[in-house]
Amino acid sequence: MKIKHSLFTRRRFLNSMIGGWITAMGTAFLAPIAKFVFPPNKEPDEVLLPKSDYENMEPNTVKLFSWGAKPGILKMNDDRSYTAFVAVCTHLDCNISYLPDQRKFFCACHDGWYDENGINIAGPPPTPLRQLNVAIDEEHFIITKDKGNE
Amino acid sequence: MNKLNIRKWFDDRLGIDEISAFMTKKEIPQHKHTIWYYTGSSILIFFVIQILTGILLAFYYKPTLELANESVAYIVNDVPLGWIIRSIHSWAATFMIALVFIHLLSIWITKAYRNPREMTWISGVLLLVISLAFGFTGYLLPWDELSLAATKVGTDIPRSIPIVGTWVTKLLRGGEDVTVETLSRFFTFHICVLPIFILMLLALHVYLIQKHGSSLPLDIEKKNIPVKSIPFWPNFIYREAIFWLFLLGLLLTIASLFPHHLGSPADLMAAAPEGVKPEWYFLFLFQTLKIFPAKILFIHGDTIAVLLICLMGVLFFCLPIIDNKPAEKKGKIITYAAYVFILYAVIMTVWSLL
Ligand code: FES
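Each protein sequence line maps, in turn, to chains A and B. For the record, in the first sequence the residue sitting at position 129 is 120 according to our numbering, with numbers rising by one throughout. Our numbering runs 10 ahead of the 1-based position in the second sequence.
These aren't lab readings, by the way, just hints derived from the structure by calculation. Hints are not guaranteed to be accurate.
Below, computed lysine-lysine pairings styled on DSBU-like, alpha-carbon distance capped at 35 Å [said to hold, decoys possible]:
(1) Lys180(B) <-> Lys95(A)
(2) Lys54(A) <-> Lys36(B)
(3) Lys33(A) <-> Lys305(B)
(4) Lys136(A) <-> Lys300(B)
(5) Lys26(A) <-> Lys287(B)
(6) Lys33(A) <-> Lys180(B)
(7) Lys54(A) <-> Lys339(B)
(8) Lys54(A) <-> Lys305(B)
(9) Lys305(B) <-> Lys72(B)
(10) Lys13(B) <-> Lys26(A)
(11) Lys42(A) <-> Lys180(B)
Just so you know, these numbers come straight off a predicted model, no measurement behind them.
The whole structure should be built from the sequences, with the hints applied where relevant.
Encoded structure:
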């Protein structure tokens, strides 16, 4: 049915009302779902490692710790200073390992290599390993996010 | 009530006669490409096997950090016939995906997606995507070293897509990293989300096939030669049944001779083991990613590779719309593209295994 001066029929009006209503309802439901499926980010700002567990390392060796859900690697350098990395390949996220005799980090997933300072030197990794800051107090190694390198 | 009446009672309510009339009236054309028609129903057979064995496995499987690997080991070692059920589930997945590839390629080459069957093709490509998603999510569930590393790599790949990428990765992983959240998520996808989608799409796909009937090869259709055909029921079904039996025999033989291996439990902190590879059907993509250099000019090689793969996917999806003049030169080139694709996939796959 169409009233004389109307631009569209009553049926069309009702259809678009229903359609619009369903779309609006659907979208209204989507937003909370989209929120729900992304859990809060769990990467820590700082991790404390008991000093006693890590201070007796030898130069050119590494020890693992957990950096949130990722492995972290604490490495003692030749001058007995420490460097920490997120032990995750910058290519596609595989966990890496340190090969002391070659003085390199190695990723087995696609043959990625980093030198002892975490600089990518061969294979697909596009950037160096993510470095973390290491500070030492009486009882702890304090590992914090490196500001410039997130 | 005698037998006739019972039948009639049901027929009045369910319309059985209409369905069986449709089945006997449905004709399957016989020509040199008829063999490819068999692949469709065989996929269904494997799909049914996947549902059955999947339900059985879910009775014992526990998607948690401590128990995932252990429960699979329990199925394999302790549950009566557990080893073969699991082996069938993983091998039938291989068979099914192989058949889906063959099915789609045969349709590409014979151009069975021609007007008016474009939507049948599109629903088919979506079914391929869902089948691959089944494979990808299922691969993680045993939660062993290799499956963990492969999933880390696999879920990190979308990250190289500009803008939406990071979100996709987060959505898949349930956070920044692959953790136990990823395991629950993949399990939910595998046994709940994907089954709903595959059943809906399958219904659409089968409906469209019934609606449009079997497609004829281009040359026959063009010359308008009458083709011989046989009734779908029972003649064609019987022939198909031979093929199904053969495949089932093959499946059981392979599944019992080469049961799927279960590695040691995944350790989120351990370095990735050597030889991380995805399932065979992802190998050609895996190798493609691997051969791209880390940087092309100033862009990450991966970004380019992933975008190229996405572009190929979109082209594949729209194939019947692109191939709108199947009988002309353009159509021929598109058929050759299928052979090029096959060659590429085979070479890459072999290369990744070397
Ligand atoms: S994930 Fe390390 S090289 Fe690819």
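Results of checking the hints against the structure:
Taking the CA atoms of Lys180(B) and Lys95(A), the gap is near 30 Å; set against the 35 Å cutoff, the hint holds. For the suggested pair Lys54(A) and Lys36(B), the alpha carbons sit about 70 Å apart, so the restraint of at most 35 Å is broken. At roughly 30 Å between alpha-carbon atoms, Lys33(A) and Lys305(B) fall within 35 Å of each other, so this suggested pair holds. Straight-line distance between C-alpha atoms of Lys136(A) and Lys300(B) comes to about 30 Å, which keeps the hinted pair within the 35 Å bound.
Our distance criterion of 35 Å between C-alpha atoms is met by Lys26(A) and Lys287(B), whose separation comes to about 33 Å. With a CA separation close to 12 Å, the supplied pair Lys33(A) and Lys180(B) stays within the 35 Å bound. Only pairs whose Cα atoms come within 35 Å are accepted, and Lys54(A) paired with Lys339(B) is rejected, the gap being roughly 63 Å. Pair hint Lys54(A) plus Lys305(B) holds up; C-alpha atoms about 31 Å apart against a cutoff of 35 Å.
For the hint pairing Lys305(B) with Lys72(B), the CA-to-CA distance comes to about 42 Å; that exceeds 35 Å, so the pair is violated. Restraint check for Lys13(B) and Lys26(A): not satisfied, since their Cα atoms lie roughly 58 Å apart, outside the 35 Å limit. Distance restraint check for Lys42(A) and Lys180(B): the Cα-Cα separation of roughly 34 Å lies within the 35 Å cut-off, and the hinted pair is therefore satisfied.
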